[in-house]
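Protein chains in written order, with my numbering: chain A, 489 to 645; chain B, 489 to 645.
Don't take each hint at face value.
Copies of one chain are not kept apart here, so a pair can be met inside one copy or by any two copies together.
Cut-off 25 Å, straight-line C-alpha distance, at most; resulting in silico cross-link-like pairs (DSS-like, lysine-lysine) [said to hold, decoys possible]: (1) Lys-614 to Lys-579; (2) Lys-579 to Lys-601; (3) Lys-579 to Lys-506; (4) Lys-601 to Lys-506.
To be clear, the hints were calculated from the coordinates, so they are not data collected in a lab.
Number of protein chains: 2
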Amino acid sequence: MNPTASIRYYEDLSVGDKFPTASLTVTEAEIIAFASQYDPQSFHTDASAAQRSVFGRLVASGWHTAALSMRLMVLGEFQLAGGSVGLGVEKLEWPQPVLPGDTLSVVSEIMEKRLSRSKPDRGLVKFRSTTFNQRGEPVQRMAALQIVLCRPAPAAR
Amino acid sequence: MNPTASIRYYEDLSVGDKFPTASLTVTEAEIIAFASQYDPQSFHTDASAAQRSVFGRLVASGWHTAALSMRLMVLGEFQLAGGSVGLGVEKLEWPQPVLPGDTLSVVSEIMEKRLSRSKPDRGLVKFRSTTFNQRGEPVQRMAALQIVLCRPAPAAR
Chain A
489 MNPTASIRYY
499 EDLSVGDKFP
509 TASLTVTEAE
519 IIAFASQYDP
529 QSFHTDASAA
539 QRSVFGRLVA
549 SGWHTAALSM
559 RLMVLGEFQL
569 AGGSVGLGVE
579 KLEWPQPVLP
589 GDTLSVVSEI
599 MEKRLSRSKP
609 DRGLVKFRST
619 TFNQRGEPVQ
629 RMAALQIVLC
639 RPAPAAR
Chain B
489 MNPTASIRYY
499 EDLSVGDKFP
509 TASLTVTEAE
519 IIAFASQYDP
529 QSFHTDASAA
539 QRSVFGRLVA
549 SGWHTAALSM
559 RLMVLGEFQL
569 AGGSVGLGVE
579 KLEWPQPVLP
589 GDTLSVVSEI
599 MEKRLSRSKP
609 DRGLVKFRST
619 TFNQRGEPVQ
629 RMAALQIVLC
639 RPAPAAR
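Whole structure, please, built from the sequences with the hints as guidance.
So this is what it looks like as structure tokens:
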């Protein structure tokens with residue numbers, strides 16, 4: 489959690505609001521380490537074998553791209569009350585792979601919001617987040633639904 | 489990649505086919521290590537702070553559940569020709585969280601298949617994969633589209 493970020497309650501979010509993140513650079517060693525543990529396919533773990541794959545070179549696992557995007561969002565300025573609790577992802581696409589040395593950043597945009605029908609202390613917010621590389625090309629597009637807590641009512645007098 | 493698994497080409501896959509995986513057990517230390525790097529929120533990284541969160545206890549990041557599910561699938565019997573190359577995820581839900589000590593396994597099912605319109609050497613296969621805990625409860629539901637290579641034609645005489 490970013491200690492300088494301000495916490496946003498449901499009431500603080502408006503459709504169309506956009507939230508950028510900082511950036512990070514991913515190394516070949518990190519790509520191989522993640523994939524060795526979670527997606528051990530040679531195009532993610534072995535630079536020479538990857539040359540003979542459909543990608544033609546070593547590329548990051550899409551799940552690594554998703555995890556790095558989450559890191560950027562959690563450490564960014566877009567901090568939701570109650571934390572970033574996903575109800576579900578409606579779309580997750582990797583239009584092109586992340587390569588060793590790529591620098592990634594994310595922009596999130598609020599698409600829809602509504603109050604919970606069952607729990608009056610929270611709302612549901614749909615947002616889309618796009619992860620870009622250093623050339624401004626999208627490497628991940630996600631649409632997801634999150635729970636966001638409402639601002640607590642002031643204590644009664 | 490599982491060296492004993494047989495490689496399946498596009499022609500080998502039928503709608504309705506189901507493929508189970510082996511299982512793995514996730515520890516509290518792994519949950520904290522993954523989240524510290526990729527989803528640093530206190531309900532994923534700090535057991536005592538997690539008691540005061542919406543979850544009431546330490547739970548795995550959904551992205552950790554997704555990564556562990558990928559590991560099980562990549563190392564399982566369901567091996568696709570050309571590797572497991574996702575075009576996109578249409579749905580990714582975490583109906584309940586993964587807890588320290590949970591044992592996970594995945595069942596994948598072929599939902600649709602069609603040949604690529606632009607590239608005659610491959611097809612597109614839609615499948616859904618459900619990750620279960622040791623009580624048979626779903627902890628992740630995913631629907632995704634993958635590229636699968638067609639069986640190479642025999643050499644001309």
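So, going through the hints one by one against the coordinates:
1. Lys-614 to Lys-579: So Lys-614 and Lys-579 pass the 25 Å test inside a copy (11 Å) and across (14 Å) alike.
2. Lys-579 to Lys-601: both (17 Å within a copy, 19 Å between copies)
3. Lys-579 to Lys-506: both (18 Å within a copy, 23 Å between copies)
4. Lys-601 to Lys-506: Close inside one copy (14 Å), not across copies (37 Å); limit 25 Å.
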